[in-house]
Amino acid sequence: MASSAARGERAGPSVAAAQDDIDSKGAQGAAGREEGAAPREEKPKPPPRPNYFYAVQLSHEPTVRQAIEGVQTSLRAYRPRDESGNGASAGSEDPSDCDACEPGPYAPFCVDPASAHITLAVMALETEAHVEGARRALEAAFSASDTERATDTVSLPVRGLGTFGGREAARVVFLEVPEGPEREWLEEVAFKVRESLLASDIADTMKDQAFVPHCTIAKPPPPRRGRRRPPKSIPKAALGEHWEVDGGRAAIATVQLCRMSGRRPGGYYHVVTEVRVPGVGAAQAGGEAAQGV
Numbered sequence: 020m021a022s023s024a025a026r027g028e029r030a031g032p033s034v035a036a037a038q039d040d041i042d043s044k045g046a047q048g049a050a051g052r053e054e055g056a057a058p059r060e061e062k063p064k065p066p067p068r069p070n071y072f073y074a075v076q077l078s079h080e081p082t083v084r085q086a087i088e089g090v091q092t093s094l095r096a097y098r099p100r101d102e103s104g105n106g107a108s109a110g111s112e113d114p115s116d117c118d119a120c121e122p123g124p125y126a127p128f129c130v131d132p133a134s135a136h137i138t139l140a141v142m143a144l145e146t147e148a149h150v151e152g153a154r155r156a157l158e159a160a161f162s163a164s165d166t167e168r169a170t171d172t173v174s175l176p177v178r179g180l181g182t183f184g185g186r187e188a189a190r191v192v193f194l195e196v197p198e199g200p201e202r203e204w205l206e207e208v209a210f211k212v213r214e215s216l217l218a219s220d221i222a223d224t225m226k227d228q229a230f231v232p233h234c235t236i237a238k239p240p241p242p243r244r245g246r247r248r249p250p251k252s253i254p255k256a257a258l259g260e261h262w263e264v265d266g267g268r269a270a271i272a273t274v275q276l277c278r279m280s281g282r283r284p285g286g287y288y289h290v291v292t293e294v295r296v297p298g299v300g301a302a303q304a305g306g307e308a309a310q311g312v
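Per our numbering, residue 20 is the first one in the sequence shown, and the count goes up by one each step.
It is possible that some hints are incorrect.
[Said to hold, decoys possible] Computed spacing ranges between beta-carbons, pair by pair:
1) 219 x 65: 20 to 28 Å
2) 188 x 290: 31 to 39 Å
3) 289 x 185: 28 to 36 Å
4) 68 x 249: 19 to 27 Å
5) 147 x 100: 48 to 56 Å
6) 60 x 185: 35 to 43 Å
7) 249 x 148: 33 to 41 Å
8) 61 x 183: 28 to 36 Å
9) 267 x 147: 37 to 45 Å
10) 100 x 219: 47 to 55 Å
11) 63 x 89: 41 to 49 Å
For the record, the hints were derived by calculation from the structure and aren't laboratory data.
Just so you know, these numbers come straight off a predicted model, no measurement behind them.
By construction, the Cβ of each residue, glycine as well, lies at the ideal position given by its N, Cα and C atoms.
With the hints as constraints, model all of the structure from the sequences given.
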């Protein structure tokens with residue numbers, strides 16, 4: 020999930036009105052200001068930032084990480100041509116020279132392959148009680164009969180590139196889950212955990228967004244002081260010949276509650292808890308029963 024910068028709006032009286040107010044003398048003027056001035060509205064408190072999420076992990080599969088690294092090699096090497104024709108595109112850049120050259124402007128977009136996952140829901144949990152509630156909601160998402168059937172892993176295919184953003188440029192680049200029974204299984208699992216969150220009165224910050232299963236490869240980096248601001252999006256030309264990249268299949272047995280903060284480079288997120296889930300067919304049958312199908 021390209022956005023434009025919001026324009027600032029004027030707040031409070033104009034400069035001229037403020038100066039007139041200062042020039043007013045005496046108690047009558049002060050009283051008039053007090054009675055006539057509109058009460059200052061307090062700015063609404065910004066909503067808490069998301070800090071936890073439900074996910075299925077993909078980083079344990081070497082083929083998934085290799086697919087991500089291959090795409091990122093091209094992104095780091097890519098330099099758009101300027102108006103004079105200088106610069107190199109992904110097609111004309113020799114990947115073997117990438118380590119020897121300075122990374123291009125899109126290198127900061129690359130996410131750590133060790134963090135590879137598919138997000139099912141995102142939460143803003145402000146207290147330990149909220150975290151405990153999210154843990155219980157995850158456990159409640161699957162019935163006892165579901166977990167009893169959870170004896171086999173699901174072999175989830177991860178293949179092809181997808182993007183979020185415009186036609187010519189992308190803000191987010193990701194590995195897709197192709198259509199098929201495994202994707203339908205994943206969609207049903209996501210439905211169950213989101214419904215359980217709703218029943219637990221824990222807000223899913225993705226609740227108004229359709230679930231699009233994806234494993235992020237590149238996205239806009241957070242701003243950092245003292246560093247040159249990176250581009251806002253990635254030209255799709257930078258993806259070269261990777262559109263049909265194959266990440267193989269990832270063995271999935273659990274859904275995790277993960278914390279966003281505290282992840283070390285080269286490592287996965289802190290897992291608060293994980294719950295085994297039923298395999299393909301079992302999850303869908305359970306979902307149909309729950310929905311009265």
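(request) Identify every previously stated hint that the structure contradicts and give their numbers, smallest first. (result) none
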